[in-house]
Amino acid sequence: MSSWFRETLHRDYESGLRIEEVLFEAKSEHQHLLLFRNSTFGRVLTLDGVVQTTEADEFIYHEMLAHLPILAHGGVERVLIIGGGDGGMLEEVLKHRGVTQAVQVEIDASVVDFAKTHLRAICGAAYEDPRTELVIADGLTYVAETERRFDLIIVDSTDPIGPGEVLFTERFYADCKGCLAAGGVLVTQNGVPFLQPEELKQTLGFFRRLFADTTCYLATVPTYAGGPMAFGWATDDASLRKVPLETLQARFSAAGIDTRYYTPAVHLGALALPPYVAELVG
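Each residue of the sequence shown is one higher than the one before, starting from 585 at the first, in our numbering.
Keep in mind that the hints were calculated from the coordinates and are not lab data.
Keep in mind that the hints are not guaranteed to be accurate.
[What the hints assert, rightly or not] Label-pair distances were calculated between CB atoms; the ranges are:
id, residue 1, residue 2, range
1, TRP588, GLU830, 44 to 54 Å
2, ARG595, ARG681, 36 to 46 Å
3, PRO858, SER823, 20 to 30 Å
[Unchecked claim] Calculated pairs, EDC-like style, for lysine to aspartate or glutamate (alpha carbon to alpha carbon, straight line, at most 16 Å):
id, residue 1, residue 2
4, LYS611, ASP713
5, LYS700, ASP713
6, LYS826, GLU783
7, LYS679, ASP632
8, LYS611, ASP632
9, LYS785, GLU754
10, LYS679, GLU661
Ideal placement from N, C-alpha and C gives every residue a C-beta, glycine not left out.
Please work from the sequences and hints to get the whole structure.
Below you can see the structure in the form of structure tokens.
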């Protein structure tokens, strides 16, 4: 008989996924990891009782956090990914031939090892790509200490609990800005604004004190239930979120990548915010 995984991340809302088969379970130095199979979502990865990614819908989250800022910028070569140990973000970033270097900073080496063994459908051969540099370290410390500069920083963090909590602070975002090259972009995972409004509001408040142009954009990811998911956007180049459709289409065509969610039209639509989200952005 199958059982159910119930996620209680939100105070007034609970979601569940049927566990057809437990494939792996372990507790590392940093977090409790569970992998199970669900007939609709495929392999489901959870950390500390919160769903992180599934084989069936990971493409939405990863495509939107990777392709939208890369194609908005138009000249991304060096990318820094904070978190993202499942490798899905890294794999999407590396689809762009113009990316010459992708540095991934992940606090938990066991998550990366796990992904290589159990989540090849998500990470592919990203960790074997010669452009990849994997750094096992605390992202907070890395951005505070590195002298390297990046065209794009993607914060692919867990929710602001446990190890991911420090990645939602003004200090961290200020250090990220210090790691950006001129015209660079910072994008972040900021939860579901209908259920986590304060998370988005706080992050965008920090962004406004640090960057000239700030907002968020949206995507609907079935796994992250409760409404569309928000991704924070911060840069000092306000022109980057005003790139016309024709330019985005040309860049997308030149990139030659296949997508299942992202398109240039979706790109522009994602930046159009409903009033309840716009109020949080300020």
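Which numbered conditions among the earlier hints are violated in the structure presented, ordered from lowest to highest?
As far as the earlier hints go, 4, 6 and 7 are violated by this structure, in ascending order.
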